[in-house]
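Construct the entire structure; sequences and hints are all you get.
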Amino acid sequence: MRIFITGGAGFLGSHLCETLIHQGHTVICLDNLLTGRTENIGALMGHPKF
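Each residue of the sequence shown is one higher than the last, beginning at 1 in my numbering.
Be a bit skeptical, because a hint or two may be false.
What the hints assert, rightly or not - FRET-style restraints, in silico, Cβ to Cβ:
(1) 1 to 34: 25 to 31 Å
(2) 15 to 46: 15 to 21 Å
(3) 47 to 12: 14 to 20 Å
(4) 46 to 3: 17 to 23 Å
(5) 23 to 45: 15 to 21 Å
(6) 45 to 24: 17 to 23 Å
(7) 6 to 39: 14 to 20 Å
(8) 46 to 2: 14 to 20 Å
(9) 4 to 38: 14 to 20 Å
(10) 23 to 46: 16 to 22 Å
(11) 12 to 45: 25 to 31 Å
(12) 1 to 35: 25 to 31 Å
(13) 6 to 47: 17 to 23 Å
Stated by the list, open to error - Calculated pairs, EDC-like style, for lysine to aspartate or glutamate (alpha carbon to alpha carbon, straight line, at most 20 Å):
(14) 49 to 39
(15) 49 to 31
(16) 49 to 18
No lab work stands behind these hints: they were computed from the structure. Just so you know, even glycine gets a beta-carbon here, dropped at the ideal spot from N, CA and C.
So this is what it looks like as structure tokens:
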């Protein structure tokens, strides 16, 4: 399943993205980085389902 996550670079959103990817889903992440940080999703950036 393809899942769209808003706020995906925040604390909760990044953990949600990681969990969904590990379950086999494709994740599309959108974040304006106002409070989110790219470091939170750095490990996911090269993943083919992210």
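Worksheet item: Is it true that the C-beta distance of residue 47 to residue 12 lies inside 14 to 20 Å, as the hint says?
Response: holds (19 Å)
Practice prompt. Verify the proposed pairing of residue 49 with residue 31, using a straight-line Cα cut of 20 Å.
Written response: Holds, at roughly 17 Å.
Worksheet item: Within 20 Å, alpha carbon to alpha carbon, are residue 49 and residue 18?
Response: holds (10 Å)
Worksheet item: Between residue 15 and residue 46, does the beta-carbon spacing fit 15 to 21 Å?
Response: holds (18 Å)
Worksheet item: Is the distance from the Cβ of residue 12 to the Cβ of residue 45 consistent with 25 to 31 Å?
Response: Between residue 12 and residue 45, where Cβ atoms are some 18 Å apart, the hint is violated.
Worksheet item: Taking 25 to 31 Å as the hint, is the beta-carbon distance of residue 1 and residue 34 inside that range?
Response: At 28 Å between Cβs, range holds.
Practice prompt. State, for the Cβ atoms of residue 23 and residue 45, whether the hinted interval 15 to 21 Å holds or is violated.
Written response: With Cβ atoms ~19 Å apart, the hint holds.
Worksheet item: Has the given pair, residue 49 with residue 39, been kept, meaning a C-alpha gap of at most 20 Å?
Response: holds (18 Å)
Worksheet item: Could one say that the CB atoms of residue 6 and residue 39 fall in the range 14 to 20 Å?
Response: holds (19 Å)
Worksheet item: Does the Cβ pair residue 46, residue 3 satisfy 17 to 23 Å?
Response: Hint holds: Cβ distance 19 Å, inside 17 to 23 Å.
Fill in: Verdict for residue 6, residue 47 (Cβ pair) under range 17 to 23 Å
holds (19 Å)
Worksheet entry | Distance restraint evaluation - residue 45, residue 24, Cβ atoms, bounds 17 to 23 Å | holds (18 Å)
Hint check: a violation occurs at hint 11 only; the rest are consistent with the structure.
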